[in-house]
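> Going down the list, the protein sequences come from chains A and B. Per the UniProt record's numbering, the first sequence starts with residue 1, numbered consecutively. Per the UniProt record's numbering, the second sequence starts with residue 1, numbered consecutively.
Among the hints, erroneous ones may be present.
The list treats identical chains as one, so a pair stands whether inside a single copy or across any two.
What the hints assert, rightly or not - Listed below are the simulated DSSO-like cross-link pairs for lysine-lysine, each with C-alpha atoms no more than 30 Å apart in a straight line:
no., residue 1, residue 2
1, K192, K55
2, K176, K55
3, K95, K181
4, K192, K95
5, K11, K181
6, K156, K242
7, K176, K246
8, K181, K242
9, K50, K246
10, K181, K55
11, K227, K216
12, K192, K216
13, K51, K246
14, K156, K31
15, K192, K50
It is worth saying that the hints were derived from the structure and are not from the lab.
Listed below, chain by chain, are the residues.
There are 2 protein chains.
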Amino acid sequence: MTIILYDIPSKLPIKAWSPNTWKTRFCLNYKGLPYRTEWVEYPDIAEHAKKHGLKPTGEKNPWDGGPYYSLPAIHDEATGVYISDSWLIAEYLEKQYPDTPSVFPNNTKGLQEALGNTYDSLLDPLWNFILPLTAGRLNPRSEEYFIRTRSLAFGKPLAEVLPTGEQATTDWAQIKEIMNKVDGWFAKTDDKGPFILGDVISWADFEIAGNKIWMKVIWGEDSEQWKDVASWNGGRWENLLKAVEKYSSVD
Amino acid sequence: MTIILYDIPSKLPIKAWSPNTWKTRFCLNYKGLPYRTEWVEYPDIAEHAKKHGLKPTGEKNPWDGGPYYSLPAIHDEATGVYISDSWLIAEYLEKQYPDTPSVFPNNTKGLQEALGNTYDSLLDPLWNFILPLTAGRLNPRSEEYFIRTRSLAFGKPLAEVLPTGEQATTDWAQIKEIMNKVDGWFAKTDDKGPFILGDVISWADFEIAGNKIWMKVIWGEDSEQWKDVASWNGGRWENLLKAVEKYSSVD
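Same shape as in the complex, but just chain A (with noise of 0.2 Å):
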């Protein structure tokens, strides 16, 4: 009896590259469920969501505008149970396993959702940053699927959504000022340790962390892009990846 992780594979040796699907890894690898994973490729997401019952995580999808079929999701063996969407899945798991390590402490949930409902609205100016590189990372399957559909909801080819000159600059600029913000947030209990909790780990940890892989991985560790963003803030997203990096295997 075991869980089963959806994932996305790519190419790189890590696999694991969706900010989305790093979330529930953490969560498993933090509450130390037995689990493995099961690579789904793009083309086959919405397939696999019908046959095992899984839900639309989105009533819409911006390209043919059918139901919005994402992963991650899990199967859970020991009580038969299929989950989609990664807060779902982490309440399931809370509910479940009572006995193991909270991902929402003290009922820090509303809070929890407040910081990542705001986080994710500020960061639109990232997605034309990763999203075009995303696609090279991933197998050849994938990456036209990816690449098709992105660049339908896009309205233009995907490639050509990567800002380039004078607006790559000002919209790098306003990634920054937006980690600046969520620095400052961290910074509020930063003398208590690395998380946003201080030394107690919680969702919105996983969350930032699973998007800060993401660029790291997708980017490449090398890159300009990622060694800014790790300057950024004192080092701070780089450290709160070392201080996750127990909870970062990948089976």
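With chain A's structure known, arrange chain B on it following the hints.
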């Protein structure tokens, strides 16, 4: 030996109305610290601050570019300290009176700040509805000062800021949508109680309750506006005010 809370008076029976000074009043009441209020009219705030070495709370005010002085501020007679800015005051009280109940329980400062930042920035559409009416609730000297400075800040007479017709309908709907979002945060923990941390009060509750008291006293509890807000989200905001009622006394 007591604490003096500097607050801005209104003509209303409850006198206290400012969402910012309410945050501090809630903190003092919740912590059970003895205090009394000294009322400072708007045109006297800057002078009062300079006299006591209270720092500006903003670099530039939007009407003449000078330093922005605001209330709340407190003077702690026991330590001689004068301090402005509701967040800094809360931090001071936490440190100085560690045996009183904390408004940042379990190292949630960073999460509280994230919620507060977001709540503030989301509520832009509210100002147009409430600032013009706020003026009329103040004593004459403050009213004159408030209308003059805020008209300069908006670049038009304050009375004209109030949305009308279709604009009012659209902007009001936007406020409702924002509160739906905030309701979603509370809903994540609300099986545990009326507060963002379930059954434990914290800073974010006082921030949101202060904002709601402002609406209730400026518009009036029998106004269409307040009755509408009170009906939103299953009565969550009226219930929050009830839940903090025991910390809502004004001396």
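> Look at each hint and say if it fits the structure.
Hint by hint, here is what the structure shows:
Within a single copy, K192 and K55 get their C-alpha atoms only as close as 39 Å, which misses the 30 Å cut-off; across copies the closest is 27 Å, which meets it. In this homomeric assembly, K176 and K55 come within 30 Å of each other (Cα to Cα) only across copies, at 29 Å, whereas the closest approach inside a single copy is 35 Å. Taking the shortest alpha-carbon separations for K95 and K181, only the inter-copy value of 24 Å comes in at or below 30 Å, while the best intra-copy value is 33 Å. In this homomeric assembly, K192 and K95 come within 30 Å of each other (Cα to Cα) both inside a single copy, at 28 Å, and across copies, at 14 Å.
Taking the closest pair of Cα atoms, K11 and K181 never come within 30 Å of each other, the shortest separation being 33 Å inside a single copy and 38 Å across copies. Taking CA atoms no more than 30 Å apart as the test, K156 paired with K242 passes in neither setting, with 37 Å inside one copy and 52 Å between copies. Proximity of K176 and K246 under a CA criterion of 30 Å is satisfied intra-copy only: 27 Å inside one chain copy versus 43 Å between copies. Proximity of K181 and K242 under a CA criterion of 30 Å is satisfied intra-copy only: 21 Å inside one chain copy versus 33 Å between copies.
In this assembly of identical chains, K50 and K246 lie within 30 Å of each other by CA distance neither inside one copy nor across copies; the values are 34 Å within and 52 Å between. Taking identical chains as interchangeable, the C-alpha atoms of K181 and K55 lie at most 30 Å apart only when they sit on different chains, with a minimum of 22 Å there against 34 Å within one chain. Taking identical chains as interchangeable, the C-alpha atoms of K227 and K216 lie at most 30 Å apart only when both belong to the same chain, with a minimum of 9 Å there against 50 Å between chains. Taking identical chains as interchangeable, the C-alpha atoms of K192 and K216 lie at most 30 Å apart only when both belong to the same chain, with a minimum of 26 Å there against 38 Å between chains.
Proximity of K51 and K246 under a CA criterion of 30 Å is satisfied in neither setting, with 34 Å inside one chain copy and 54 Å between copies. For a Cα distance limit of 30 Å, the shortest separation of K156 from K31 qualifies neither inside one copy, at 42 Å, nor across copies, at 57 Å. In this assembly of identical chains, the alpha carbons of K192 and K50 never lie at most 30 Å apart, being 45 Å within a copy and 34 Å across copies at closest.
Hint violations for this structure: numbers 5, 6, 9, 13, 14 and 15, all remaining hints satisfied.
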